[in-house]
Amino acid sequence: MLHIVNKSPLGHAALDSCLRVAQGGDLLLIEDAVYAASAGTLFEPLMKDALKRFKVYALQPDLEARGVAAHLIEGIAVVDYGGFVDLVTQNKTCQSWL
Amino acid sequence: MSEESSIKKFMFVNRKPPHGTIYALESLEVVLITAAFDQDVSLVFLDDGVFQLRKGQQTKGIETKNFSPTYRALDGYDIEKLYVEKESLDARGLTEDDLLVDVMVLDRKALGALMDEQDVVLSF
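Line order of the protein sequences matches chains A and B.
Taking this note's numbering, the leading residue of the first sequence gets 9, the next gets one more, and so forth.
Taking this note's numbering, the leading residue of the second sequence gets 8, the next gets one more, and so forth.
Same shape as in the complex, but just chain B (with noise of 0.2 Å):
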């Protein structure tokens, strides 16, 4: 087998809020063994899930580990496909401003189609 064919894609759906169960930080760290592997990674958040990327976290008063720097940190992993569904941004008000991170963002009819393309689809 070539290494060309070993490289499967990888989507990793993100759909819940940070901080409130473990869920975001849980994808995170798999994406990260992910990457290490040589995958083709994408992420992907929607529903409350794009709460995730939201910039301004503090959760010092929380006494968690705040994670969402990390999300910057992914670019150094070539993990650089990170894509928001429009409609979900819309419904809470957010726009590419708020994220912390470069992002595209789909509507969910592209993102439906994203998803269909997928080797392995990991969900939380």
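Extracted from the complex, chain A is given alone in its bound form (with noise of 0.2 Å):
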């Protein structure tokens, strides 16, 4: 299955809940959780840990609009909106935490 993530790892518990959660999949990371993706955080042992889990994406407008698209953790697919319409699709079912 899909879950899609909006919020920052280090203001709140969203992604933590998420990977706490949910056993495996696709991730997709959006809006201020693309900060997740980000080399150099606090988070960044926790993300490499899904990585053995879950396969990541992260959506390519939000990390431009937050400068980070250049220094992304390796194994993180980037896709746009189009990739994020793909994702929804192949997936039967999808769990937005909110």
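Hints are all accurate, no fakes.
Among chain A residues calculated to face chain B with C-beta under 7 Å, some are: (1) S16; (2) L18; (3) E39; (4) G48; (5) T49; (6) P69; (7) E72; (8) A73.
If you're looking for bench data, these hints aren't it; they were derived computationally from the structure.
Where a beta carbon is used, it is the ideal one built from N, C-alpha and C, also for glycine.
Dock chain one against chain two, each of which comes alone in its own frame, and use the hints as you go.
Pasting the structure below:
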């Protein structure tokens, strides 16, 4: 299934909750959650751990807006809005961790 | 009342990242209004608020206003007291070089002391 997170990992527990509960599948980081894809933060070890269980994607326009497009953790795939739609249609179910 | 005594110390505390919510932009709007009244204005960036000052923000793709260049214009409004909490930068793997503007980096203790000195504190 697809898990979507839109909150910063250092300001909210949404991504923590997602990673605690979800067993695997696709994980899409959008809006302020794209900071979790950024290399060098305190959250990086947890994200690297998540990459063992999830295919992780980050939304390109949100990365660019926040100036973090060039500093991503290795293994995270970048998608555009079309890729977002593909992920939604490819997965049977979708949970947004608002 | 003398003119001197009508100047108050205003601190704006910015703790949210830009773009995901309207807080950062709204704070900036109020900061500029306050500056027009010749007050003693300090801006503080801590927690995810430090991301507001990050270089290289390009909002074309999300079709919103890119207000990040405005931080560089604050100098022109005589707003020169920009403080960033060191611990917040460290937690996000950032250094002063990653920021759009010159700031004063303070540790949390110094920042707390500065907060205590204010007449007005506005939270965003």
